[in-house]
Each structure stands twice: as structure tokens, then as C-alpha cells.
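Protein chains: 2
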Amino acid sequence: MKKENIMIIGAGPCGSLLALRLAQLGYNITVYEKRPDLRNTDISAGKSINLALSDRGLKAMQMVGVTDKVKELCIPMNGRMIHPNQEENFLSPYSGLEEEYINSISRTDLNALLIDEAEKMPNVSIHFNQECLSVDLEKTQASFQDYQTKETYHKTADLIFGTDGAGSALRKSMMDSHEFLFSYSQDYLTHGYKELSIEPNAKGEFQLYKNALHIWPRKENMLIALPNLDGSFTVTLFLAYKTGEHNFNNLTTPEKVESYFKEFYPDAFALMPNLGKEFFENPTGTLGTVKCTPWQSYGKTLLMGDAAHAIVPFYGQGMNASFEDVVVFNEALKKHQGNWEDTFNRYEKMRKKDTDAIADLAIDNFHEMKAHTAAPIFQEKRKLETAFEENTPKEYASKYRLVTFQEEIGYAEAMAKGRAQDKAILQLIAENKINNKMSLQEKLNLVQEQTQKILTEKDLLAY
Amino acid sequence: MKKENIMIIGAGPCGSLLALRLAQLGYNITVYEKRPDLRNTDISAGKSINLALSDRGLKAMQMVGVTDKVKELCIPMNGRMIHPNQEENFLSPYSGLEEEYINSISRTDLNALLIDEAEKMPNVSIHFNQECLSVDLEKTQASFQDYQTKETYHKTADLIFGTDGAGSALRKSMMDSHEFLFSYSQDYLTHGYKELSIEPNAKGEFQLYKNALHIWPRKENMLIALPNLDGSFTVTLFLAYKTGEHNFNNLTTPEKVESYFKEFYPDAFALMPNLGKEFFENPTGTLGTVKCTPWQSYGKTLLMGDAAHAIVPFYGQGMNASFEDVVVFNEALKKHQGNWEDTFNRYEKMRKKDTDAIADLAIDNFHEMKAHTAAPIFQEKRKLETAFEENTPKEYASKYRLVTFQEEIGYAEAMAKGRAQDKAILQLIAENKINNKMSLQEKLNLVQEQTQKILTEKDLLAY
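Chains A and B are the protein sequences, given in the same order. In terms of UniProt numbering, the first sequence opens at residue 1 and continues consecutively. In terms of UniProt numbering, the second sequence opens at residue 1 and continues consecutively.
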């Protein structure tokens, strides 16, 4: 069988994984990346530099045979360390099962590993500093500009994959094309983010508990921190642009920023001597969701990863979803009989419902995280779920566990079941149908019955 | 008080109404319209040339004092005349109240009337054949090209209103601006549309019942017809692009089109001798929904009408919603204290939830119209609702009546109540809680109780 020449635009985590996998399958791969080679350059400043790698992403690492190497880069996080203001911190485990945890990993290190592995293949070549300007969809021809020489030129291939992120040039070319109907959405949250840091202490030790994702929920805004291998934490502030008492619009001086942190995040503030400097040196990131369809054009080009479905970070699933794309595409490709249009359509049919679901779940979580401290009914729900998971982890999985640790089901199914469970518990609490005379098993039975009822009713009404 | 110079881009129904209203309020208005003056030109071929004007649109006509003139252009439609294939036609009234009907009106005639009225004002000037290319948002400066001379030039104003339709140049300039976060979506349906016609007979008479909106529902596809003052009907075919047995992709010859019509729409086909010709001469229209936010930039430019919220035609509310925009803007302007940014923000806050709702309702109706013939539970629901409306029209209003005839409530409220009612009735039917031993009033009480329960529960869960 003919092995096509495949061009991949973008050598981020998704593009480099895709290059590696398609090379393993024997295709000839040329990758063009806009940025310099991150293995030789510090390009991380102000970019989200560590991420949560969990089961869906790890399944993709397994597929390409790099699990052991990736594990060396991982710091397990067993739960959320919640930092209330004026109260004791507490650890809220991600799961009732010990083996279910997520991993903090450096985006740069992981990306570098995947680029290294891809470049080891004889049928992969990667060109850095080459920015894609646009793609002629019918001719499968991309135009590039060399960042250093400023020279522009065209390259053609049998197929072009766009893994060029949320600002994808391939996607823009699809949107500009009037030949086919391209449905598209970009939605920004009212909040932006700022990367900050907590350095290791003089002995090189972690200054916060190492094996957790730290969260300082403050209703309107939120701070989080993830551990790095060097003993530091990457800290991210999620802050409103202009609403509420404190926002990017009015925190305009180092003094104002410091006084805000001192009031709302005092324990973190004590560990952040460079706060004022970092806040104004690092760029403010936007939080956007991108959805679109179709992902392919003319059976010759295909969007994958953030280029097809950029999501907000509140479920820790952005990179995992992009990695899972490659696993699902690998499945679609197994049935490939030389017809790429069918393969691309099959892939989108298998995948889009799930990437739509994780996009929506991630936005839900943004609102949940902002609001949940204020809602007693939500706290009661979490208490019940935690009891189920600690005592009968195999009989009950919360929405979070379904999404994060049950990679054998898709995001869409996890969302449907997780939302029905949430609704069931909230209804039962609101109607006082759960009381303390009941055993935990009786409560669980009630929740499961009610969940099933909600799911059945939903099917019924979808006439 | 200073009366600003206001530029309006687009002299369609919304732009010409807005020009008239703002002129009545004393502002100085200059309108630029891309197309030639429709009062002197036939530009309607293949465009949707008649529309359903209902209570929300009429309220706007009342506001500017043109109701009597508009009424002369209207043909009342009291209900839907359903044309099943192989069965008797039947009239399904829009409401249990005689005074509740919608009106077929020529888009061109109505637009011409509004342009005439606007031009009568000493403080309005309208320039045709001037296409807006882009808008400099901060400078409030628009660039135009003259269609005839091809000359390009700039014009500035104190404020710029974009009423330039679904493909709005002002909206594109907002989208291209990276200064502020512009959330945007465009969604296409899998179907397109084609305008066709049924001419009057030799005596100049209507060949179908005059006072109805005719519908030929065929599950996947659908034909509709609205009457015109000259005795003709404008017929619109809604057809899938490529799915199902018959679609735009495979109806490639006049013979195929005729044979499709003969099989599926025989009574209409008998009245359409020019079908084959019209089908291939008229363009295929797309069916898209556009949503975006914010509608304003820098307190200087504002999107209104389709430019801000293009919707699909299945609720007959597109023009009504755009007209209602001007009514709501008029309200927002009453509180105007010289701060246009506040005024624009207040307007969007008052309005966006409602235009989002009518966009969603219109898509719901597309699916409902396609599928409802196949679903017995839906038929049973409609039968019950019709009984309520015929016997107790003041105690019950279906979703359709709430949306179409109750202009005192917004679309969002109509949607919430209408959907809860639909869900309540479907649940009651599915659970066999409605039976024939009950009086109609007992059934109505049950539906109202269940509706209230659903609405209360929804509030509860929105923690």
C-alpha cells in the first residue's frame, strides 16, 4: 500500500505525538512549527508551563511506547489541596482508589520528549521557525514564512494535518473558504489568567505539599498551583477582566497586586517575593473555547487537537483530549481502505461528540469552582459523593472520576452520566429524601435509581 | 442636548426602521447601503421575498407611526395549512383567539415603505450602492467602495450602527480586532433553501387557500408557501445538502427535480409549470445562525438586527426580532444621559438573552417540523394544546403563541415557559397521567402544576 506524504502543521504536544504515531505506521512525515525548537530555547515565560496528565493522555503515551519515559517527568497529585481563607487547608482526594491520581508534568519537557521520539524515526523531518500563513485546501498546499529570513514559500503534500493550536492557520483557511459551510464558534470567558511562581526554598525543597493540585477558591476568582520537578510550583491566577471588586482592570500597580494577594491568598503571598514583578512582566492569557465542524476538507486536510477544539483549563483535560484524539484517529485509520475522506469523516463522527462534551464540562467546572463555596447544597453533594467513593469506589464514580480516570468511556457518556448523577443527588437533597438514618448503601441505591430515572426520561423526551 | 451625527450601515428593514426612529428623536442620520435602491430595481430574485410579520414587528411599526400603511401590505394568515401526502389537507390555527394571526408581507414593499418614511425626514440621507469594507472601531471611521465608480473612501461619524445583515462588515471588523475579546459563533444547518413560485391563475386568483401559511412536511425536507398581494405564492423548499434520499447534491436535472416534486408535493407540483427552470436559475440559500458578544465597541459602534443575531427562518421571527431590537433600543435610549457606552451595554443586557432564545427556538422548530410527523407522542401533545387553546385561550398559551403573539414578554421568558410546558405535557402523556375520563379543565390543571414544578426545579438546580 502506498504510504502518503503527510504534512503536519504544528509540533506542539498533539502534533509531535501525531507525527510519531503516523511515522510508526509508515507514512512519510514533514512537520512545520512556527516557534523555535523548544529544546534549545526558553519560550515558556508566561505560557501555561505545567499541565495535568491523566489516564486518557497516558493511554496515548502507551500507544506510542513512551510511558516509562513520560512517567519519569511526572509528579503524582492525589487530590486537591484546598486553601480556604482563614481556615485550615484540607486535601480532597480525586478518587476513592489509591491508584487513581493525576500527574503534574512540564509541557516543555513532555513536548521535547515527543519531538525527540518523532525525530528518531527515519521518516520524520521537523522544521522549526516556519509559520504557516494559509492553506490552499483543494491543492493541499500550505504557504509558510521563515521567521528568520522572512522568506515565504509553498509546500504541498498528499495530506495536511493542522495541529497548530487554538489560533490554527488551517482552520482560518477553512473558515475563509466559501466552498463549504464551516460552522464555528469562539467563546471567551469573562476571566483571564496570569502565570506566577513559588520557588523552592534554599534547600531546594517544595514549599507547599508536593503531591497535590493546590486551589485557593475565592468565589469570583481563584489561584491554583502545580508542582514542578525542580521543587518549584507554577501558580496560576484566574481573575476577572473587569467585573467584581478585584480584576485585571484595576490591579494596576505592584502595590495593589500585593495588597490583593495579602488579603485573599496570604499563605501563597508569603511564598511569592517576586509577585509584583512577575504579575507585570508575564502576559495575561485569555480563556477561550473553540468548536467547529467539519474538521476535514476535501478528504485532504484535517484539524486535530486545540486547532479543532480548544477548551478552557478547568478540567485539566486540554492536553489529554488532544492526545486522545490521536488514539481515536489511530482507531479510525485501522479501517482505512485508501479513502481518506471516509477516514476523516469516521474520525469526526467518533470524536466530535466527546470533544464538545469536554469543552462544556470544562466551562461547567469554571462556574462550579467559582460558586461552590457559596452553595451549601453543593457541599452536601460533595460530602455524599466522597463517602460513596471512599466506601464503594467500584459502585460509584463521580463526574470527575468518570471524566478523568475512566478512559474506556468517552467524554460524552461521562458527561451524560455525571450530570444525571449530580442532578439526582441535588434533587434528593432538596426534597429531603436522604437522611442520616439511612445506611450509605441505601443512599447509594437511591442515587442510582434516581440517576437511572433521569437518564430514561431524557431519552423519552428526545423525540 | 447635542444631537450626534449617526452613521447607519445597511438600509434593510432594520436599518431603515432605525434611521426613521433615530431621526424622529432628532439625531442626524446618514445611511449607507451596499445594494441599489430597491424601489427602482428588481433585486429580489432568489432572495426570500415574503416574510411573516407578527405582533413584535407590528409593535415597532406602531412606535414609528406607520401601522396603517403597513397593514395595507399585509395578508393575514390564520394558521398553517398542512398538506400531508396522500391525505386531506387541514388547517391548524395559530391560536384559539380570532385576533391572533400572522401576516404575509413582501420584504421589498415593507423595506421600501420604511425607506420612504425615513427619507421624508429632513435629518436623514441615504446613499445606495455604497459597500462598507471595514470599520475602524476606535476612530468611528468606515471605509466604503462605490459600486459604480469603484472609488473607495472613508467617512467618520460620532456613532456607527451596523444593521448590515448576517454578513456584517462592522461585525467582521470587531472579530478582526484583537483589542477586545469577541465571542462569536456561526452555525449552519445541514439544509439549504430554494425560492420557487406558484403564480395566480388566468383570472389573477390565488391557486391555494389565501389566508394560511402552507406547509408540506416531509420528515427530512419541507416545502412552504406564503401568499402575495398579486395572487401568487412564494414557495420555499428546505432541502438537505447531501443527506437522505433527495438532496441538493443529487437533484441535478430538471427531470429529477420534477419527479421528486411529483412524488412528494403532487398538489404543489401541479401548480408549478416553471419548477425546473426556477430551481436551477435561483440560487441556493444557506441557513445559518450567528451569535456574538459584545455588540458594541468603545461606546461608539453597535450591531443590531441580523448583524448581531442572524437566525434561521423556522419561527417566522427573523424580521420581527430585528424590529423589536429597535423598540428595545428605544427603551434603552430613554435612560440615556449622554453616555453611549452605558446605553449600548444596557441595550445588550436587556436584549441579548432574548435574541439568543429566539435563535435556539428557531432551530428547535426546524427539528420539530422535520420530525413531528413521525412521533405519535408529539401529535398527542399538539392535540391537547389545541383543545386548551380553543376552549380556554386565556388560560393556556402554547410555546408558539407565547413567542408570536405575546410581545409583552421577551423571547427568553417565552422559551423557558414554553419548553417547560412541552416537557410537562410529554411527561404526563408518557406516564399515562392524562386519560379521557378527565375533563379538559382537569387536564389543564395537571399540565399547569407539572409546568410549575419543572420551572421551580430548574431554579433550584441552578445553584
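Quick caveat, the hints were computed from the structure, so don't treat them as lab data. Keep in mind that a hint or two might mislead.
List of simulated lysine to aspartate or glutamate pairs, EDC-like, C-alpha gap at most 16 Å [unchecked claim]:
no., chain 1, residue 1, chain 2, residue 2
1, A, Lys423, B, Asp360
2, B, Lys242, A, Asp342
3, B, Lys394, B, Asp136
4, B, Lys417, B, Asp360
5, B, Lys210, B, Glu220
6, A, Lys69, A, Asp116
7, B, Lys172, A, Asp422
8, A, Lys3, A, Asp158
9, A, Lys71, A, Glu131
10, B, Lys300, B, Glu99
11, B, Lys417, B, Glu431
12, A, Lys172, B, Asp176
13, B, Lys443, B, Glu413
14, B, Lys300, B, Glu100
15, B, Lys458, B, Glu395
16, A, Lys433, A, Asp364
17, B, Lys458, A, Asp422
18, A, Lys300, A, Asp109
19, B, Lys34, B, Glu151
20, A, Lys34, A, Asp158
21, A, Lys453, B, Glu395
22, A, Lys417, A, Glu341
23, B, Lys423, B, Glu390
24, B, Lys423, A, Glu245
25, A, Lys433, B, Asp360
26, B, Lys433, A, Asp158
27, A, Lys417, A, Asp360
28, A, Lys242, B, Glu431
29, A, Lys172, A, Asp230
30, B, Lys458, A, Glu431
31, B, Lys443, B, Glu457
32, B, Lys453, A, Glu431
33, B, Lys155, B, Asp136
34, A, Lys242, B, Asp360
35, B, Lys242, A, Asp146
Hint check:
1. A/Lys423 <-> B/Asp360: With a Cα-Cα distance of about 23 Å, the restraint between A/Lys423 and B/Asp360 is violated, given a limit of 16 Å.
2. B/Lys242 <-> A/Asp342: Holds: B/Lys242 and A/Asp342 sit about 15 Å apart, inside 16 Å.
3. B/Lys394 <-> B/Asp136: violated, 51 Å
4. B/Lys417 <-> B/Asp360: holds, 14 Å
5. B/Lys210 <-> B/Glu220: Violated, at about 26 Å.
6. A/Lys69 <-> A/Asp116: holds, 11 Å
7. B/Lys172 <-> A/Asp422: violated, 40 Å
8. A/Lys3 <-> A/Asp158: holds, 10 Å
9. A/Lys71 <-> A/Glu131: Given that 16 Å is the threshold and the Cα spacing comes to 32 Å, the pair is violated.
10. B/Lys300 <-> B/Glu99: Violated - the C-alpha atoms of B/Glu99 and B/Lys300 are around 42 Å apart, more than 16 Å.
11. B/Lys417 <-> B/Glu431: With a Cα-Cα distance of about 21 Å, the restraint between B/Lys417 and B/Glu431 is violated, given a limit of 16 Å.
12. A/Lys172 <-> B/Asp176: holds, 12 Å
13. B/Lys443 <-> B/Glu413: violated, 23 Å
14. B/Lys300 <-> B/Glu100: violated, 40 Å
15. B/Lys458 <-> B/Glu395: Distance of about 23 Å is beyond 16 Å: violated.
16. A/Lys433 <-> A/Asp364: violated, 26 Å
17. B/Lys458 <-> A/Asp422: Given that 16 Å is the threshold and the Cα spacing comes to 13 Å, the pair holds.
18. A/Lys300 <-> A/Asp109: Between A/Lys300 and A/Asp109 the Cα gap is close to 32 Å, so the pair fails against 16 Å, i.e. violated.
19. B/Lys34 <-> B/Glu151: The hint holds at about 13 Å.
20. A/Lys34 <-> A/Asp158: Violated, at roughly 21 Å.
21. A/Lys453 <-> B/Glu395: Roughly 31 Å separates the two Cα atoms, so the pair is violated.
22. A/Lys417 <-> A/Glu341: violated, 32 Å
23. B/Lys423 <-> B/Glu390: violated, 21 Å
24. B/Lys423 <-> A/Glu245: violated, 40 Å
25. A/Lys433 <-> B/Asp360: The hint is violated at about 35 Å.
26. B/Lys433 <-> A/Asp158: Between B/Lys433 and A/Asp158 the Cα gap is close to 61 Å, so the pair fails against 16 Å, i.e. violated.
27. A/Lys417 <-> A/Asp360: holds, 14 Å
28. A/Lys242 <-> B/Glu431: Not satisfied, since the Cα-Cα distance of roughly 49 Å exceeds 16 Å.
29. A/Lys172 <-> A/Asp230: Violated, because 39 Å separates the two Cα atoms, which is more than 16 Å.
30. B/Lys458 <-> A/Glu431: holds, 14 Å
31. B/Lys443 <-> B/Glu457: violated, 21 Å
32. B/Lys453 <-> A/Glu431: Given that 16 Å is the threshold and the Cα spacing comes to 12 Å, the pair holds.
33. B/Lys155 <-> B/Asp136: holds, 10 Å
34. A/Lys242 <-> B/Asp360: Measuring from Cα to Cα gives roughly 29 Å; hence the hint is violated.
35. B/Lys242 <-> A/Asp146: violated, 41 Å
Of the numbered hints given earlier, the model fails hints 1, 3, 5, 7, 9, 10, 11, 13, 14, 15, 16, 18, 20, 21, 22, 23, 24, 25, 26, 28, 29, 31, 34 and 35; all others are met.
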